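Take the given structure of chain P and dock chain F with the ligand to it, following the hints.
Line by line, the protein sequences give chains P and F.
Going by our numbering, the first residue of the first sequence is number 17, and it counts up by one from there.
Going by our numbering, the first residue of the second sequence is number 606, and it counts up by one from there.
None of these hints come from the bench; they were simulated from the model.
In this text, all values refer to a predicted model and were calculated from it rather than measured experimentally.
We put the CB at the ideal spot given by N, CA and C, even for glycine.
There may be inaccurate statements among the hints.
Unchecked claim - Under 10 Å between C-beta atoms, here's a sample of chain F residues computed to sit facing chain P: (1) Tyr698; (2) Pro705; (3) Arg737.
What follows is the residue order along each chain.
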Amino acid sequence: MTTDHNTDRIADVLIIGAGASGAAVAASLAEAVFDVVCIEQGHWQDASKFPTTEPDYELRRMSSWSINPNKRKLPEDYPVNVNDSAIEPVMFNGVGGSTILWAAHTPRLHPSDFKVKTLDGVADDWPISYEDLEPWYDLNDHVMGCAGIAGDPANPPRSPRQMPPVPLGNDGEMLAGAFDRLGWHWWPSDNYVNTTRYGEGRDACNFCGHNMMGCYQRAKSSTDLNYWPRAIDQGAELVTGARVREITTDSAGKATGVNYLDREGNDQHRQARAVVVAANGVGTPRMLLMSASEKHPNGLANSSGMVGKNLMFHVYAGVTGVFPDHEEPWVGPAANMIMSQEFYETDSDRGFLRGYSYQTGRGQGPGSVARGANVPWGADHHKQLERRLGNTVGLGAIGDDLPEEHNTVTLDDRLVDSSGLPAPKITYRVSKNSRALLDHSLVQGQKLLKEAGAEEVDVNRFSREAGWHLMGTARMGDDPERSVVDSNGQSHDIDNLFIVDGSVFVTGGAVNPTPTIQAIALRTADYIATHRQDLKA
Amino acid sequence: MTTNLDTNLLSAALDRVLPPVDDLAGAGAMGLAEVVVERSRADDRFWDALSTVMNALSVGEFLSEDGDGQDGAIRAVESSDPNAFTLWLDVVYSIYYMQPEVHKRLGWHGRAPQPEGNSMPPWDESILSNIRKREPFWRKV
Ligand SMILES: Cc1cc2nc3c(=O)[nH]c(=O)nc-3n(C[C@H](O)[C@H](O)[C@H](O)COP(=O)(O)OP(=O)(O)OC[C@H]3O[C@@H](n4cnc5c(N)ncnc54)[C@H](O)[C@@H]3O)c2cc1C
Numbered sequence: 017m018t019t020d021h022n023t024d025r026i027a028d029v030l031i032i033g034a035g036a037s038g039a040a041v042a043a044s045l046a047e048a049v050f051d052v053v054c055i056e057q058g059h060w061q062d063a064s065k066f067p068t069t070e071p072d073y074e075l076r077r078m079s080s081w082s083i084n085p086n087k088r089k090l091p092e093d094y095p096v097n098v099n100d101s102a103i104e105p106v107m108f109n110g111v112g113g114s115t116i117l118w119a120a121h122t123p124r125l126h127p128s129d130f131k132v133k134t135l136d137g138v139a140d141d142w143p144i145s146y147e148d149l150e151p152w153y154d155l156n157d158h159v160m161g162c163a164g165i166a167g168d169p170a171n172p173p174r175s176p177r178q179m180p181p182v183p184l185g186n187d188g189e190m191l192a193g194a195f196d197r198l199g200w201h202w203w204p205s206d207n208y209v210n211t212t213r214y215g216e217g218r219d220a221c222n223f224c225g226h227n228m229m230g231c232y233q234r235a236k237s238s239t240d241l242n243y244w245p246r247a248i249d250q251g252a253e254l255v256t257g258a259r260v261r262e263i264t265t266d267s268a269g270k271a272t273g274v275n276y277l278d279r280e281g282n283d284q285h286r287q288a289r290a291v292v293v294a295a296n297g298v299g300t301p302r303m304l305l306m307s308a309s310e311k312h313p314n315g316l317a318n319s320s321g322m323v324g325k326n327l328m329f330h331v332y333a334g335v336t337g338v339f340p341d342h343e344e345p346w347v348g349p350a351a352n353m354i355m356s357q358e359f360y361e362t363d364s365d366r367g368f369l370r371g372y373s374y375q376t377g378r379g380q381g382p383g384s385v386a387r388g389a390n391v392p393w394g395a396d397h398h399k400q401l402e403r404r405l406g407n408t409v410g411l412g413a414i415g416d417d418l419p420e421e422h423n424t425v426t427l428d429d430r431l432v433d434s435s436g437l438p439a440p441k442i443t444y445r446v447s448k449n450s451r452a453l454l455d456h457s458l459v460q461g462q463k464l465l466k467e468a469g470a471e472e473v474d475v476n477r478f479s480r481e482a483g484w485h486l487m488g489t490a491r492m493g494d495d496p497e498r499s500v501v502d503s504n505g506q507s508h509d510i511d512n513l514f515i516v517d518g519s520v521f522v523t524g525g526a527v528n529p530t531p532t533i534q535a536i537a538l539r540t541a542d543y544i545a546t547h548r549q550d551l552k553a
Numbered sequence: 606m607t608t609n610l611d612t613n614l615l616s617a618a619l620d621r622v623l624p625p626v627d628d629l630a631g632a633g634a635m636g637l638a639e640v641v642v643e644r645s646r647a648d649d650r651f652w653d654a655l656s657t658v659m660n661a662l663s664v665g666e667f668l669s670e671d672g673d674g675q676d677g678a679i680r681a682v683e684s685s686d687p688n689a690f691t692l693w694l695d696v697v698y699s700i701y702y703m704q705p706e707v708h709k710r711l712g713w714h715g716r717a718p719q720p721e722g723n724s725m726p727p728w729d730e731s732i733l734s735n736i737r738k739r740e741p742f743w744r745k746v
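Bound conformation, chain P alone (with noise of 0.2 Å):
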């Protein structure tokens, strides 16, 4: 599907990066009469070709299918250097970005998420508010898709969702009732998964449980099945196989395109009248940070110094519990049943601010289950094993990760990617705050798996490889000397550079940040469309 290059046109915005924000803006700004062109390293996926449909899938999923790109390796993916990061950070690189891998659960920030520094006094409010994004999350939900159910009572009123919930099988049940029983909040996720068939060739799930390796049935929405055929369908280009190098600036410090690698490796320079960086909370700062120049020495749309700065991930750990009597609970997506955000908000008694959501986790197959947690080797793993496959439900805290500038991606000064190109280095360590709150979720986690009638329960006090979520490098704001952009995603140095993915978040909230990542992304797409018509041709 990808177009051929045509490199002496001047595109009115080149997007860098097609994955869940690139895509996006492409397919707004597209209908929208603009030349659109997008660079893209990784490639069209087939989903006949996912490792969900091979016996092997749990060896897979280990290495050329890993979500960590430091396992994959592949020659579309950049290795990222850890040794200084408590978390790693996971992506997908490829039209569709991280969405063709993520798990789909698709909650929105709250509105306090917005205004931290005015309610509880740490990190630094947003300059735009939830009713700021309300119609583009509402917009973003009808172009993915959401199965969900309106009423939640811990989030404002919201729109009918487009498919009724995913199922909550036995095990979504059994948690359910633990939730009432101990009068805590709970509410069906919001999902990015077809319950009924919804979009243009797209069946309705059917529960394989493993939609983090891809999703062979297109039931589970991902950007390259519908925000990439509707922008190609409106005229914009997408160059697959291509690393973009450099952003490019005139002597008036104005963009003007890119400096990319073709898929065989030569210099490719591509004109625009704006670029839109949307190459993910890592890519975003790693490609500003290499665009520097003479001009720009600390890197493009850098005064304030905080490009790569205060990055986040949010906070994982969680409970798993045994069930010995349960019956198949790997049925069903992975990890898109419940949310409860019953300790979401700051409550000054608990000793940390902000808080956490749960998210719940099904059984996998039995090689995850014998690389799970209490499991061992030798005489006892037939045993231990058996109690476990099939018979666990488990409960994760993802906790509000507030914005450090210690948090760091920079470029290392050795690592290279399969082109030459400086990896990113991570520079994270997990803080008082966070850690305190992930040990509150696991003591009341564990509670309410016992009240669900856990007979024992595997506790996981941090996960490592849980990066999903890279947010805070680039941030937004009013104030030119602490933020990146404003609230358009506009670059308060360069005034035709966008940036439009997780990078521009202030402070993370305790949510998977995707649906807020592209309303984002269609807010700043309609910023351009409306205000910005100097761009095009």
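Same frame as chain P, now just chain F with the ligand:
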């Protein structure tokens, strides 16, 4: 890095980490050493882990030890090089749990997750009857 792995040594180690159970042989006696070697060759990380573990086990007289002695030697590798050991073990587990005879013993369906999938009873809204009584409690700003 070891290139010619001693599959007898690997088989013996596999029988200790995944011993016989019921009428099923241990992972080594099932002939999985060859599979472990072959699949490990396809990924540098797996190969390095396998080589590290095998090199460490080949230092002593692993094959002539009794069961407890072999377990002790394996435990020594586990504590001296936990990352390599864990990865090696993860590969071994994944391969063992791909075997139809293992699935049969466990009563596990054994098929790949797709294309068949699973069925679930449809969404039933009555489960919300209790939580629906709760007043909205999101924090207003
Ligand atoms: C396993 C997993 C599970 C997840 N589950 C959830 C979930 O349940 N809910 C949720 O909300 N979020 C989830 N996420 C996170 C979600 O996928 C991301 O938040 C989202 O995809 C980010 O969108 P993005 O556009 O910022 O970046 P991405 O979707 O990561 O896309 C960035 C794109 O930019 C490209 N790129 C980067 N650098 C260059 C370059 N130099 N040249 C050319 N192209 C480049 C990349 O190849 C990539 O395709 C999950 C992620 C993973 C990995």
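Hint check results:
Checking F:Tyr698 against chain P by beta carbon gives a least distance of about 4 Å; that is within 10 Å, so the hint holds. Given hint, F:Pro705 at the interface with chain P, holds; its Cβ is 9 Å from that chain's nearest Cβ, closer than 10 Å. Against a cut-off of 10 Å between C-beta atoms, the interface hint on F:Arg737 holds, since the closest Cβ of chain P lies about 7 Å away.
Checked against the numbered hints above, the structure violates none of them.
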